[in-house]
Amino acid sequence: MAVFLIRRTIGAILVMLAVTFIVFIIFIIVPGGGKTGTAQRIAGKNATPELVNSVEKRWGFDQPFYVQYAKMVKRMFTNNLVSYTSQQPVLSQIKQGIPATFSLTIGAGIIWLFFGILVGVISAVTAGRLSDRLITILALVGISMPVFWLGLVMRYLLAEKNSIFPDGEYYPLTANPLQWAYHLILPWLVLAVLFIGFYGRVLRGNILDTINEDYVRTAKAKGLNSRRVLVKHVLRNSLIPIITLFGLDFAGVLGGGAILTETVFDLHGVGQYAAQSINNFDLPPIMGVTMYGAFFIVFFSVLVDIFYAFLDPRIRPT
Amino acid sequence: MAQPATETEFTLDTAAELAAEESGAVIRGRSPWYLAWRRLRRNYVAFAFLGLFVLIVVACILAPLYAHHVARTGPNNTHVLDTITVDGKQIDVVSKGGVLGGKLVASTPVGPQWFAAGGKYVLGADQLGRDIAVRLLYGGRTSLIVGIVSSLICVVVATILALLAGFYGGWLDFVITRFFDLFYAFPVILLGIALGAALAINGIHLKLWLFSIKASSGNILIPTLVISYVLIPYVGRPLRGQVLSLRQKEFIEASISQGAGPLRIMFTELLPNVASSILVFFTLIIANNIVLEAALSFLGAGVQPPRASWGTLISDGQGLIVTRPWFAIMPGIAIVLTVLALNVFGDGLRDALDPRAKVKIEH
Chain A
1 MAVFLIRRTI GAILVMLAVT FIVFIIFIIV PGGGKTGTAQ RIAGKNATPE
51 LVNSVEKRWG FDQPFYVQYA KMVKRMFTNN LVSYTSQQPV LSQIKQGIPA
101 TFSLTIGAGI IWLFFGILVG VISAVTAGRL SDRLITILAL VGISMPVFWL
151 GLVMRYLLAE KNSIFPDGEY YPLTANPLQW AYHLILPWLV LAVLFIGFYG
201 RVLRGNILDT INEDYVRTAK AKGLNSRRVL VKHVLRNSLI PIITLFGLDF
251 AGVLGGGAIL TETVFDLHGV GQYAAQSINN FDLPPIMGVT MYGAFFIVFF
301 SVLVDIFYAF LDPRIRPT
Chain B
1 MAQPATETEF TLDTAAELAA EESGAVIRGR SPWYLAWRRL RRNYVAFAFL
51 GLFVLIVVAC ILAPLYAHHV ARTGPNNTHV LDTITVDGKQ IDVVSKGGVL
101 GGKLVASTPV GPQWFAAGGK YVLGADQLGR DIAVRLLYGG RTSLIVGIVS
151 SLICVVVATI LALLAGFYGG WLDFVITRFF DLFYAFPVIL LGIALGAALA
201 INGIHLKLWL FSIKASSGNI LIPTLVISYV LIPYVGRPLR GQVLSLRQKE
251 FIEASISQGA GPLRIMFTEL LPNVASSILV FFTLIIANNI VLEAALSFLG
301 AGVQPPRASW GTLISDGQGL IVTRPWFAIM PGIAIVLTVL ALNVFGDGLR
351 DALDPRAKVK IEH
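Note that the protein sequences, when read in sequence, are chains A and B. Under the numbering used here, think of the first position of the first sequence as 1, with each following residue one higher. Under the numbering used here, think of the first position of the second sequence as 1, with each following residue one higher.
I should point out that these hints are in silico values taken from the structure, not numbers from a laboratory. Quick caveat: nothing in here was measured; it's all calculated off a predicted structure. No residue lacks a Cβ here, since even glycine has one placed at the ideal position from N, Cα and C. Any given hint could be a false lead.
[To be verified] Okay, the calculated beta carbon distance ranges per label pair: (1) B:Val86 to A:Glu169: 51 to 61 angstroms; (2) A:Ser86 to B:Trp33: 52 to 62 angstroms; (3) A:Leu157 to B:Pro262: 56 to 66 angstroms; (4) B:Val156 to A:Ile25: 46 to 56 angstroms; (5) B:Ala106 to A:Asn46: 49 to 59 angstroms.
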């Protein structure tokens with residue numbers, strides 16, 4: 001177990017470094033124009049050559065790219081990343097976004113896992129009947145909706161036209177938990193809709209696969225009631241792939257992946273910060289957020305592996 | 001609890017069933033493709049949705065006809081100062097804003113006219129007086145082209161990578177799987193907007209061996225390439241797994257012993273065996289990519305204005321959502337219908353061909 005953890009940790013650090021390197025390459029090399037190109041973008045379209053030159057010197061764009069990357073990584077590990085455009089330290093900006101992002105993710109995660117499992121079980125148990133078909137259609141409609149459009153329409157219908165829910169923005173949990181939940185209900189539901197549909201479909205397939213296994217027939221043959229067979233024998237196995245999915249999706253959203261939902265509802269979370277920085281070509285925050293996002297994905301994939309081993313002794317890591 | 005799933009529409013045709021149908025005649029050999037076709041043929045829902053998709057594609061192809069003969073304007077023609085005649089009255093296409101009776105009034109474009117204005121502005125106008133119905137159709141062309149071409153590129157590249165990794169194994173497999181893993185650690189949207197935004201400014205100037213790719217900043221080739229690239233691991237990883245297990249089968253060994261070269265084995269032995277999965281992936285990836293294109297364009301990192309796409313239309317409509325809600329709702333409905341049609345058909349295709357292919361979705 002210790003060896004497994006050490007190996008995964010080293011792997012995780014390498015992956016995170018590689019991810020930041022790719023982001024660095026995307027923003028320094030791909031846009032073209034060489035070193036002046038980047039300086040030009042930061043200085044603005046109508047900047048004088050002197051200004052571009054001073055920007056270039058100030059942030060070190062005149063150095064070779066590997067030197068720039070090494071300096072960027074050094075700044076990243078010493079918490080000295082500073083935004084090019086707003087001059088704000090990146091770490092404090094990410095910290096400011098974390099409460100909103102975490103609140104959004106945890107609430108939505110609970111909703112989508114609960115309803116995803118419920119929907120999957122109901123449609124598998126009634127497979128082929130009317131309720132199954134209805135659920136299947138609804139799930140597919142849910143999967144097919146662009147999340148930002150759903151958010152936009154919901155916000156218009158329920159918050160702007162009829163003020164049933166407050167209109168956007170994050171309300172701190174510590175100030176008033178009721179207001180906090182009230183402000184987040186719409187974003188939670190919008191983000192969860194997609195996942196509910198998807199998880200329901202996957203779980204339905206898994207249950208239908210498992211239900212025909214020999215051990216399920218044995219359990220029934222020895223006289224267990226059907227509820228017990230479903231919960232203890234069928235679900236226990238069918239849920240394993242759902243756990244993996246949930247771990248990775250949850251980590252993705254926690255790491256700022258819900259950019260669209262955060263932007264549409266103006267939650268000022270980490271994802272929205274990333275989107276704004278990308279539009280400003282502000283490299284340090286993008287590096288910071290990517291590192292932060294990759295951390296959660298890597299961390300949760302290790303967590304999922306450990307949980308897997310706990311559920312299924314055959315795949316215990318060595 | 002109910003009986004183990006007995007789904008009426010998707011029953012697998014067993015040899016016994018086939019024999020019974022042919023009433024004692026000699027049992028003919030059926031190819032797996034034919035059997036899949038038989039299963040698909042019974043799935044009327046899937047076919048109905050395929051019809052819907054074809055309808056949408058045809059409507060978008062016929063966009064110029066609509067623009068010339070019904071709306072009499074192009075997708076990018078602005079009519080800020082024009083007027084239209086509705087019931088004998090003259091109405092500004094974009095009402096003039098300013099101070100009116102001591103109050104500040106914003107300028108608003110006309111809403112949906114349906115057919116009151118003789119085919120003009122059926123769905124209203126945008127801030128620049130452009131006909132939304134025309135832009136919706138032309139935007140559909142952009143979205144569909146980007147979605148289909150990017151899926152094609154994605155599936156082709158992923159298949160080649162999967163074949164190489166699965167067939168050769170060893171260090172090549174190691175490098176390719178690490179490449180896939182790396183992109184799993186990236187939120188898809190983040191990678192997409194990073195690439196899209198970076199490339200949107202200066203365009204692409206790539207020279208790869210004999211090929212040189214050149215695309216200036218407004219070209220739809222840029223979002224197409226970005227989108228195709230982003231989802232490669234999601235197709236490549238499961239395909240590699242399939243190739244890896246097929247590689248151990250006897251027919252590959254037989255082929256090697258007959259002296260077949262690597263290319264021959266990869267493309268005439270392995271490829272036909274994963275073709276059904278590829279087809280399913282292709283359908284579902286188009287659906288996925290249309291949504292991804294809309295998301296990137298909505299965030300300003302995809303299709304660039306003035307070119308219309310369903311994503312940019314939603315983004316344009318966002319500013320007018322209080323006064324002209326249909327402007328933002330309409331392109332969204334177009335996306336939902338198209339993607340739903342592809343998802344339902346893809347689902348039917350998967351049930352018929354390969355029950356195990358799964359595609360990841362977007363946040």
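Legend entry - Non-conforming hints, listed in increasing numerical order: 1, 4, 5
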